[in-house]
Amino acid sequence: MLKVANLVKRFGGFTAVNDVSFEVDQGEIVGLIGPNGSGKSTIFNMLAGTFPPTSGSIRFEGRELAGMMPHRIIHLGIGRTFQIPRPFRRLSILENTAVAGFYGQSHADRAGAWSAARDALDLVGLPTDPDSRVDTLGAAGLKKLELAKALATRPRLLLADESLGGLDDAEMDQAAVMLRRIREEMGITIIWVEHIMGVLMRVVDRVMVLDHGELIAEGAPSGVARDPKVIEVYLGRGADDASEAARRGAGQPA
Amino acid sequence: MALAIAGVLVVAAIVGLPPYPLHIMIVILIWAFTYTGWSLMGRFGLVSLGHGAFMGIGAYVTALLWNYGGLTPWLGIPVALACAVLLAVVVGYPCFRFRITGHYFALVTLALSEVVRQTIIATRDHTGGSLGFTPTPKGNDDTPSIIALQFDEKETWFVIAIVVWLAGLAIWRLVDRSMIRYALDAISEDEDSAAAAGINVTREKLKITMISAVMTALGGALYMQYQLFISPDTVSGIAISLQIVFAVVTGGIFVQLGPTFGAVITLLLAEILRVQIGTDAVGLDNAIYGIALVLFIIFLPKGILGSLIDRFATRRG
Ligand SMILES: Nc1ncnc2c1ncn2[C@@H]1O[C@H](COP(=O)(O)OP(=O)(O)OP(=O)(O)O)[C@@H](O)[C@H]1O
Ligand SMILES: [Mg+2]
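If you're matching them up, the sequences are chains A and W in order.
Each step along the first sequence adds one to the number in this note's numbering, with nothing skipped, and position 2 is 2.
For this note's numbering, add 1000 to where a residue sits in the second sequence, where the first one is 1.
To be clear, the hints were calculated from the coordinates, so they are not data collected in a lab.
It is possible that some hints are incorrect.
Pair by pair, the computed Cβ-Cβ distance ranges are [said to hold, decoys possible]: (1) W/HIS1126 <-> A/SER57: 52 to 62 Å; (2) W/PHE1098 <-> A/SER57: 21 to 31 Å; (3) W/LEU1228 <-> A/GLU64: 58 to 68 Å; (4) W/ARG1124 <-> A/ARG63: 50 to 60 Å; (5) W/ARG1203 <-> A/LYS229: 41 to 51 Å.
The list that follows gives simulated cross-link-like pairs (lysine to aspartate or glutamate, DMTMM-like), each with its CA atoms no further than 25 Å apart [to be verified]: (6) W/LYS1154 <-> W/GLU1271; (7) A/LYS3 <-> A/GLU184; (8) W/LYS1207 <-> A/ASP109; (9) A/LYS3 <-> W/ASP1192; (10) A/LYS3 <-> A/ASP19; (11) W/LYS1302 <-> A/ASP135; (12) W/LYS1138 <-> W/ASP1152; (13) W/LYS1302 <-> W/ASP1190; (14) W/LYS1207 <-> W/ASP1192; (15) W/LYS1302 <-> A/ASP131; (16) W/LYS1302 <-> W/GLU1189.
For every residue, glycine included, the Cβ atom is placed at its ideal position computed from N, Cα and C.
Can you build the whole structure from these sequences, using the hints too?
This is the structure in structure tokens:
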């Protein structure tokens, strides 16, 4: 479904993503993990067209996406969330989602947009009444709204930049369950970005580990969690990530 | 609300208002239409200081085609509007495509309005330059009023002005109730996020810019047809562009009748100053506008009408 080859992104002299290649098959949930600043969000921004890659190719269902305008990419069937939620605060929760439903599907009518918005809000568990304000949402609510906006565009591939830092354990589990349901019930292929292993490892089919812009490991969660290079990356960087990974039982099979 | 006001105005005209108040009201209505056109962009953070350019094109293209080509304004105005749209796209597309927003957008458009004014002055052999330009009167070769779009009776102009003003309000409402409003609100907050929602940012901005340019150019053409005299300073340039912004910010940028309210207040103020203080005070009205603008932006960012409506709504709620 998605085939990324030799992807590179440089910001000035700094190489944020260095020669990354991977594939994602229809129906998978793939985890993309790596410590802070390893280039995960940068990869998403290139996949979604927020900025073009310095070099490399991104093929989605046979089409080359590199350099394409972001709205075109959304129309082709890719949905994305932003790591730091970027809601439209002038609009209500429903309007936020409806505008994505209307403009994000290539052939949407007004009625279809509003019903897509209600469906998406129902699924993530946000209110569907027309007056609920974005300002009433906390961190977890804003993440749900990001997800609802992406789903309202009716994607076939969802890029979820979740990085659940800031959520408590229950909220993290809830988010994981949600992504599972999105795959199971809607048949949407998912790439899920996280910087800690934790809960992600119990949900994904396959995990890719990024460090300093390079893919250092890839495979089933149980295997990757035992990979010495991965352990080195996670133990080498501050105690937080390591103890967090241990505490949440990284590598436990789902 | 708007229809009620229109009704009252029409009755007043039929009952017979003296020419002077009638004249003031015609001018206010035509400007109110133009201001409404500007606010369609302004309310979404697209602060154009270049609308004098569109107005100038509407007025001068129509007048030049009439004088030199004998083309009736019924055809000349559409040509002028097409020119305004073309200019809007030529300037707007690169701005929107390359993310020139906020202050930078204001600066680019500011330059635009001055370019058009200078062009009018530079081509003085045809446009009369700074001295101004007078469309050929219909009487010269017995062209019927309706072909020349020149009317001796103020009442006729009054009806035209009301119809056009109402059409402007209708367009405002149409935009307000369509999906493009949400798209443009989204764009004005966060272009990346809007694009990730599937919005073609460049196209949606161009759409509203074209609508706004057409309305402004039409306002310019009608002003010319009514006054039968134009000069670069009355329909183009930075001063006109700023006058538009002042008036809309004063009235209220986010409410349908805000620009109209702004037109009433600012044009009456200018008229009173002119009558009371006379020609000694040329430019004083602009100074007052300037001070008022600063005060409004600080104390009443929603404008007079917008703030009144807010207050009314909270008292009720
Ligand atoms: N627009 C930009 N300009 C310059 N540098 C950037 C830009 N965006 C990202 N970077 C840099 O690229 C590197 C990778 O950033 P990225 O956001 O992709 O990391 P990440 O893996 O998503 O990290 P986190 O887990 O904290 O979200 C960082 O060093 C960051 O500072
Ligand atoms: Mg990130």
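Hint check:
{"no.": "1", "hint": "W/HIS1126 <-> A/SER57: 52 to 62 Å", "verdict": "holds, 55 Å"}
{"no.": "2", "hint": "W/PHE1098 <-> A/SER57: 21 to 31 Å", "verdict": "holds, 25 Å"}
{"no.": "3", "hint": "W/LEU1228 <-> A/GLU64: 58 to 68 Å", "verdict": "holds, 59 Å"}
{"no.": "4", "hint": "W/ARG1124 <-> A/ARG63: 50 to 60 Å", "verdict": "holds, 55 Å"}
{"no.": "5", "hint": "W/ARG1203 <-> A/LYS229: 41 to 51 Å", "verdict": "holds, 46 Å"}
{"no.": "6", "hint": "W/LYS1154 <-> W/GLU1271", "verdict": "holds, 19 Å"}
{"no.": "7", "hint": "A/LYS3 <-> A/GLU184", "verdict": "holds, 22 Å"}
{"no.": "8", "hint": "W/LYS1207 <-> A/ASP109", "verdict": "holds, 19 Å"}
{"no.": "9", "hint": "A/LYS3 <-> W/ASP1192", "verdict": "holds, 24 Å"}
{"no.": "10", "hint": "A/LYS3 <-> A/ASP19", "verdict": "holds, 13 Å"}
{"no.": "11", "hint": "W/LYS1302 <-> A/ASP135", "verdict": "holds, 20 Å"}
{"no.": "12", "hint": "W/LYS1138 <-> W/ASP1152", "verdict": "holds, 10 Å"}
{"no.": "13", "hint": "W/LYS1302 <-> W/ASP1190", "verdict": "holds, 21 Å"}
{"no.": "14", "hint": "W/LYS1207 <-> W/ASP1192", "verdict": "holds, 19 Å"}
{"no.": "15", "hint": "W/LYS1302 <-> A/ASP131", "verdict": "holds, 21 Å"}
{"no.": "16", "hint": "W/LYS1302 <-> W/GLU1189", "verdict": "holds, 17 Å"}
When held up to the earlier numbered hints, the structure conflicts with none and fits them all.
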